[in-house]
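*Asks:* Sequence:
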Amino acid sequence: MTELPQAGRQRDMKPQPATSPNAPAETKECHFFKLPPELRFAIYDEVLSTTDFVQDQGLEPRIVRPSLLATCKYIQVEAVPLYRNHLGMMLAKCTSGAASILMEFVELLGASQNDLHAERRLTVALNRQLARTRKYVEECHESAREELVDINRAVGSASLYLRMDCKTRTALAESLDELVMVSVALKSQGDS
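Residues 60 to 251 (the working numbering) are what the sequence shown spells out, left to right.
Misleading hints may appear alongside valid ones.
Computed beta-carbon distance windows for the label pairs [claimed, not checked]:
{"#": "1", "residue 1": "Lys87", "residue 2": "Asn144", "range": "15 to 25 Å"}
{"#": "2", "residue 1": "Leu98", "residue 2": "Gln135", "range": "28 to 38 Å"}
{"#": "3", "residue 1": "Asn144", "residue 2": "Leu98", "range": "10 to 20 Å"}
{"#": "4", "residue 1": "Ser126", "residue 2": "Phe100", "range": "16 to 26 Å"}
In case anyone wonders, no lab produced these hints; they're calculated from the structure.
Even for Gly, the Cβ is constructed at its ideal location relative to N, Cα and C.
Based on the sequences and whatever the hints tell you, model everything.
*Replies:* See below:
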């Protein structure tokens with residue numbers, strides 16, 4: 060007599076992998092890294108200079124890292140210095156008399172005060188900007204140095220700057236802006 064399968068009995072259906080576990084994984088060759096470094100850096104520069112670092116989807120706008128930096132570790136290692144330069148250039152615009160750019164940039168980074176990456180980016184950019192301003196002021200006029208020392212003391216570090224209230228940040232940015240404008244005026248008088 061032939062046995063019939065029992066009603067209601069289910070067969071064990073385990074999902075099978077597409078390939079056997081011992082088969083070598085298929086790897087696609089990346090032709091991007093065969094490009095000369097100069098061309099790769101030009102591509103990074105183009106992507107990073109046209110990327111909008113500000114994302115305004117939630118309640119508060121925030122600075123985001125470009126998705127290019129998330130593609131692989133090798134690209135991240137090569138492109139992060141260029142990314143930091145672009146963030147620094149945003150701060151460098153403040154030397155032309157635009158304290159609002161500095162304030163907007165700092166407010167965006169300060170939106171996530173616990174974000175260590177944001178603090179690190181601001182530290183690099185702010186320290187670079189203060190170093191440029193310090194060098195420029197030292198070339199211009201003796202009295203401006205004292206004001207710069209006060210600004211450096213007030214900022215201390217970028218992490219301290221992030222924790223300042225908005226009124227203090229505004230006053231500091233306006234002082235830095237005023238200092239740069241005075242320095243430019245003194246330098247232009249000295250050049251004439």
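*Asks:* If a hint holds in the structure, say so; if it doesn't, say that too.
*Replies:* To see whether the hints hold, each was checked on the structure:
1. Checked against the given bound of 15 to 25 Å, the beta carbons of Lys87 and Asn144, roughly 31 Å apart, lie outside it.
2. At about 18 Å, the CB distance of Leu98 to Gln135 disagrees with the hint of 28 to 38 Å.
3. Evaluation of the 10 to 20 Å hint for Asn144 and Leu98 yields a pass: the beta carbon distance comes to about 18 Å.
4. The hinted window of 16 to 26 Å between Ser126 and Phe100 holds, with their beta carbons roughly 18 Å apart.
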